[in-house]
Amino acid sequence: EAGVAQSPRYKIIEKRQSVAFWCNPISGHATLYWYQQILGQGPKLLIQFQNNGVVDDSQLPKDRFSAERLKGVDSTLKIQPAKLEDSAVYLCASSSPRVLGEAFFGQGTRLTVV
Amino acid sequence: AQSVSQHNHHVILSEAASLELGCNYSYGGTVNLFWYVQYPGQHLQLLLKYFSGDPLVKGIKGFEAEFIKSKFSFNLRKPSVQWSDTAEYFCAVNAAGTASKLTFGTGTRLQVTL
Numbered sequence: 757e758a759g760v761a762q763s764p765r766y767k768i769i770e771k772r773q774s775v776a777f778w779c780n781p782i783s784g785h786a787t788l789y790w791y792q793q794i795l796g797q798g799p800k801l802l803i804q805f806q807n808n809g810v811v812d813d814s815q816l817p818k819d820r821f822s823a824e825r826l827k828g829v830d831s832t833l834k835i836q837p838a839k840l841e842d843s844a845v846y847l848c849a850s851s852s853p854r855v856l857g858e859a860f861f862g863q864g865t866r867l868t869v870v
Numbered sequence: 457a458q459s460v461s462q463h464n465h466h467v468i469l470s471e472a473a474s475l476e477l478g479c480n481y482s483y484g485g486t487v488n489l490f491w492y493v494q495y496p497g498q499h500l501q502l503l504l505k506y507f508s509g510d511p512l513v514k515g516i517k518g519f520e521a522e523f524i525k526s527k528f529s530f531n532l533r534k535p536s537v538q539w540s541d542t543a544e545y546f547c548a549v550n551a552a553g554t555a556s557k558l559t560f561g562t563g564t565r566l567q568v569t570l
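Protein chains in written order, with this note's numbering: chain A, 757 to 870; chain B, 457 to 570.
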């Protein structure tokens, strides 16, 4: 089966600019997660969707970050405006209702804010 | 709140040496436990998981982990490492029976020398 697809793989932007990341989960996976992985740290959840509804966005900096999953499949994560501390790898993951808790990860998008 | 501690940040071993990476978690309920591996330039992949039953779980590539409930630990082991095991290893936990977020440790970078 095809894995979780993310694009772009790399992005370099200046601070105060905006950026968007795209994720296509594994077919049939109702749960979609966005994680942020800062260098030297483990991934940290930003937002979790169940179909097109938000389950957990408690760690999402809502003044600058937004995410949507309008049709319950693809998702986009946006940062506007970006700060230097947003430099990280943004990981998308999905999980199946048949195997609760096990997440499959995409390659990630490495964002550098200069 | 959940938390995961990985004691070793960077481990260097010679090929054929034995490996044990420590992982302790903090959570007030029943958990699922995971080890993920990230090879250089690749995405996070599941190495092994514990949901219930036999506390000794075997994963891919000869890895195993033992869940010791009384110690809140889930240490990863391999009797004889190979150069190809060079990667970053992450321990993670989430609430059992749910699709809730994974809480990750900070990771252990394993370097295997020839």
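It is worth saying that the hints were derived from the structure and are not from the lab. Check each hint, because a few of them may be wrong.
Claimed, not checked - Which stretches of chain B does chain A cover? Using the computed rule of at least three CB atoms under 8 Å from a CB of chain A, they are:
#1 471-484
#2 495-502
#3 509-516
Claimed, not checked - Dumping the calculated EDC-like pairs for lysine to aspartate or glutamate here, alpha-carbon to alpha-carbon at most 20 Å:
#4 A:K800 - B:E522
#5 B:K514 - A:E858
#6 B:K517 - A:E858
Each residue gets a CB set at the ideal place from its N, CA and C atoms; glycine is no exception.
Structure-based check of each hint:
Evaluation of the coverage hint for the segment 471-484 of chain B: breached, as 0 residues show C-beta separations to chain A shorter than 8 Å, against a requirement of three. Judged by the Cβ-Cβ criterion of 8 Å, the segment 495-502 of chain B is covered by chain A as claimed, because 5 of its residues qualify and three suffice. For a cut-off of 8 Å, the count of residues in the segment 509-516 of chain B with a CB near a CB of chain A stands at 0, and the three-residue condition is violated. Restraint check for K800 (chain A) and E522 (chain B): the C-alpha separation of about 25 Å exceeds 20 Å, so the hint is violated.
Between the alpha carbons of K514 (chain B) and E858 (chain A) the distance comes to roughly 16 Å, so the proposed pair stays at or under 20 Å and holds. Among the hinted pairs, K517 (chain B) with E858 (chain A) is consistent with the structure: their alpha-carbon atoms are about 19 Å apart, no more than 20 Å.
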